[in-house]
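A.B. asks: Line by line, the protein sequences give chains A and B. Residue numbers for the first sequence follow the working numbering, so the first one is 1 and each next one is one higher. Residue numbers for the second sequence follow the working numbering, so the first one is 1001 and each next one is one higher.
Check before you lean on any hint, since a few could be wrong.
[To be verified] One-sided and incomplete, this derived list gives chain B residues near chain A with beta-carbon spacing under 7 Å:
hint	residue
1	A1039
2	P1043
3	G1099
[Unchecked claim] Below, a list of computed lysine to aspartate or glutamate pairs in the EDC-like style, where the Cα atoms sit at most 20 Å apart:
hint	chain 1	residue 1	chain 2	residue 2
4	A	K61	A	E20
5	A	K61	B	E1003
6	B	K1038	A	E88
Source of the hints: derived by calculation from the structure; they are not laboratory data. All C-beta atoms in this analysis are idealised placements derived from N, C-alpha and C, irrespective of residue type, glycine included.
Listed below, chain by chain, are the residues.
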Amino acid sequence: AQSVTQPDIHITVSEGASLELRCNYSYGATPYLFWYVQSPGQGLQLLLKYFSGDTLVQGIKGFEAEFKRSQSSFNLRKPSVHWSDAAEYFCAVGAGGTSYGKLTFGQGTILTVHP
Amino acid sequence: DTEVTQTPKHLVMGMTNKKSLKCEQHMGHRAMYWYKQKAKKPPELMFVYSYEKLSINESVPSRFSPECPNSSLLNLHLHALQPEDSALYLCASSQDRSGIYEQYFGPGTRLTVT
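Next comes chain A alone, as it looks inside the complex (with noise of 0.2 Å):
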């Protein structure tokens, strides 16, 4: 089965700085990678996905997440945080099989940005 590990549950940065989320997969087969955002008590937004092709991807709003298959890794980066990108992160995971349709979500990483 596959798992997601967010291994940051809150971080801190100041407005202009940069970000980093991490997260890290399990998953046995090529995965299908998403990060979403999610405002409190809203739904979620989809930043970004990979499924294949380059490692490196451009999502909404200035993100972008790189998937690296040697550590299990896809984590989410911004050059410039902007204080509108205080929200919670999710990074998930889609299943194949028969579990197609099967979105498995981290635990979540909440940003807070200072002024």
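Starting from the structure of chain A, add chain B where the hints point.
C.D. replies: Using the frame of chain A, we list chain B on its own:
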């Protein structure tokens, strides 16, 4: 338009009530999902519908009853719920169930069971 709509936004119900949550998408997606999200936790999959047929039931108690009347609509019927069922219920859709397609989420229904 990549919008999934959910109604109502908030719902308060007693343990003996029957209520329904509604989800709608007009993106032509053929897979639809129900998730439950407790505070400070990630979403947990409840049900997956593919081409209007139930494909995955994650051992959800029978007091939750999903229904997919057509390819655009997904309902979740609620009956005899418990206070621990209070949560944010999220609906999502994707082009199909293959896993390669991203899921688009609605804003959720905040359910409180009293």
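A.B. asks: Against chain A, run the beta carbon of A1039(B) and see if the smallest gap drops under 7 Å.
C.D. replies: Since chain A brings no Cβ nearer than about 10 Å to A1039(B), farther than 7 Å, the hint is violated.
A.B. asks: Does the nearest C-beta of chain A fall within a distance shorter than 7 Å of the C-beta of P1043(B)?
C.D. replies: Holds, because the Cβ-Cβ distance from P1043(B) to chain A comes to roughly 6 Å (cut-off 7 Å).
A.B. asks: Is the Cα-Cα distance between K61(A) and E20(A) 20 Å or less?
C.D. replies: Satisfied, since the Cα-Cα distance of roughly 14 Å is no more than 20 Å.
A.B. asks: Hold the hint about G1099(B) up to the distance rule: shortest CB distance to chain A must be less than 7 Å.
C.D. replies: Because about 4 Å separates G1099(B) from the closest Cβ in chain A, which is inside the 7 Å limit, the hint holds.
A.B. asks: Checking one constraint from the list: CA of K61(A) to CA of E1003(B), max 20 Å. Satisfied?
C.D. replies: holds (18 Å)
A.B. asks: Between K1038(B) and E88(A), does the CA-CA distance stay at or below 20 Å?
C.D. replies: holds (14 Å)
Consistency note: the structure conflicts with earlier hint 1 alone.
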